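Engineer: Residues per chain are reported as follows:
There are 2 protein chains.
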Amino acid sequence: MSGDARQYFALPSPFAMKRGGELRGARVAYETWGELTASRDNAVLILTGLSPSAHAASNAEDPSPGWWEAMIGPGKAIDTSRWFVICVNSLGSDKGSTCAASINPATGEPYRLDFPELSLEDVANAAHAAVSSLGIEQLACLIGCSMGGMGALAYMMLHPGSVRAHISVDTAPQAQPFAIAIRSLQREAIRLDPRWNNGHYSADSYPEDGMSIARKLGVITYRSAMEWNGRFARIRLDPEQRDDNPFGLEFEVESYLEGHAQRFVRTFDPNSYLYLSRASDWFDIAEYGDGNVMEGLRRIHIEKAMVIGVSTDILFPLEQQEQIADGLRAAGAAVDFVALDSPQGHDAFLVDIPNYSRAIGGFLSRL
Amino acid sequence: MSGDARQYFALPSPFAMKRGGELRGARVAYETWGELTASRDNAVLILTGLSPSAHAASNAEDPSPGWWEAMIGPGKAIDTSRWFVICVNSLGSDKGSTCAASINPATGEPYRLDFPELSLEDVANAAHAAVSSLGIEQLACLIGCSMGGMGALAYMMLHPGSVRAHISVDTAPQAQPFAIAIRSLQREAIRLDPRWNNGHYSADSYPEDGMSIARKLGVITYRSAMEWNGRFARIRLDPEQRDDNPFGLEFEVESYLEGHAQRFVRTFDPNSYLYLSRASDWFDIAEYGDGNVMEGLRRIHIEKAMVIGVSTDILFPLEQQEQIADGLRAAGAAVDFVALDSPQGHDAFLVDIPNYSRAIGGFLSRL
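Chains as they are written, first to last, in the numbering used here: chain A, 30 to 396; chain B, 30 to 396.
Just so you know, the hints here were simulated from the structure itself, not pulled from any lab data. Small disclaimer: the values here were computed from a predicted structure and weren't measured. There's no promise every hint is true.
Same chains, same names: a pair is fine if it fits in one copy or spans any two.
[Stated by the list, open to error] Straight-line alpha carbon distances no greater than 20 Å define the calculated SDA-like cross-link-like pairs of lysine to any residue that follow: (1) K47 / E279; (2) K47 / F276; (3) K47 / R265; (4) K105 / L396; (5) K47 / P275; (6) K333 / S386; (7) K47 / L187.
The task is simple: from the sequences and hints, build the whole structure.
Structural biologist: Below, the structure written as structure tokens:
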């Protein structure tokens, strides 16, 4: 098995959801790179942040660059000449997996807000089912980035013995109130857009304004003030780049945010965004530890882990990565904790490739 | 002169604005506490953040608590038995001063977006005119908080010799891109609200949604993640406090933001908010120093200063207060730099009264 672009795994039907309800005829999209060994012991699964697809890297069928192109490939940190790499699109995401924009087989209409409540445990269970369908009983390594890092904790908790080693990237063992506040406000901006229309938007009447605000707030919290001081300072747009609006774009940082928003608003289904965003708020490993984060983490049993975080991350602060490292260590794993000073904030894992390559490549090479 | 509640000072007419245009028949509101000495050498002026009024503390005519009630009064840090304290409502704010919601004498209609472009230099000039009208040639101390701290730098720059000592509170010598991004997004949320209607809203059709998003984003950046971890953690609302909306309030932090927003949306004129917010983005002391912040600060000549900042402030980070301290020191002032670890973020000056009282009270007592 090698280099197929997007493939689909049909989830067991009905697929029961953690918070109630079920999905029928659901599926998740995934892509793979490299070759699975006969003993099926070289699989690396990547769980993504909120918005990326399963296309983490280019492959023969889809040569366009993936969202982690610099990290995945022959000779790269996640070396596809050694590892069989799988990236699953989250259940609930609109990049090929069943989501709020999918057709509800019971009605023949899109689910919209009739999609059942989504949790990161459901995302993890769907990914686990896809991995199992490939005949893989145990992952050599489970990598989770951002939201996918929380999903990875759920995966290891709910499927004991399914993971040997784990790499935790810029994530958290539970959503803290600052992150909840940011995501709640992003959701509110979408919901307040009249064109959201309680989830009943169309391509012709689409909540672009709400999605734009949500995305800009996302980008503000994914990066860091320090990076922007160096990158944008107080540089202004040329007069011809400005718009006529008296409060319109003037500074380069505003134009940067506008560009990010324009690239995003039509490429992610708003209802699916709401579901995944709320799932992130709900996640709390303490649910598995009698209300205690460390006790929850202590119930995850793996051999080795690397936990990476960034001092400039305001959404998933470094203390939360330290908690993960401490908890997994208390559970008996050999844990490397890597605290980086990358200036790019939460998004450093997508940008500071030299540091993340060194850490992740080093860890994987020692497995 | 003592203890009058809101008074008004009619600005010279026409009052020329920095960026062009002028105001006719404009005024600023102010309040005072304590007694001005015969030699008029005990005046302390307070310039406020974006939203507060001139009612910084209670007085005989208005016994309601002011926004800095705990700091101002007989025996308090800003001791009104010694100092004659003045707080001026910013020009452009709707708390009694001429603003975008005021009647344009040329048309008999509210200015709305015909209000001239507002800068913090205009705010400073208006405050200086009001102080001069009281016969005060030199302030014993000029205190500026948040946006008012930027206005205070403008005041000292534009009116050499008008200030002996200065207290700079949680502010910056220029707007940096992270703060610009936050404020730009707040303005965008208001402007995208269809009821903003290019500034032509009414009480019956009012941009409540946009103001709510703007205020929530403000509160998120005025406080700190650390404070909220202790204060809200992941506490949920009782089921009866939740609303029916499937994505409605669930966590206490969301309810806290909602409460802040509801108290704010109808109490601050949206257009005036836009003008003051943009004025904050525009402020840059480097304009007075050949494009260099330190050189700009070096052109401010006062005897003494205290510069206070908080390590948890993400909107006006501590490095920016350190710049102010270094710059004023390079200009020859004796400067105390106070770096606090208050968990409350930018708003610490309103909340961490023990530490701010000690610093400000100590500095004033040594004058």
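Engineer: Run every hint past the structure and note whether it holds.
Structural biologist: The hints, checked one at a time:
1. K47 / E279: between (47 Å within a copy, 18 Å between copies)
2. K47 / F276: Classified as between; 18 Å across copies, 46 Å inside a copy.
3. K47 / R265: between (49 Å within a copy, 19 Å between copies)
4. K105 / L396: Within. Shortest intra-copy distance 15 Å satisfies the 20 Å Cα cut-off; inter-copy 64 Å does not.
5. K47 / P275: between (49 Å within a copy, 17 Å between copies)
6. K333 / S386: Within one copy only: 18 Å inside a chain, 50 Å across chains, cut-off 20 Å.
7. K47 / L187: within (11 Å within a copy, 63 Å between copies)
The structure meets every hint from the earlier list without exception.
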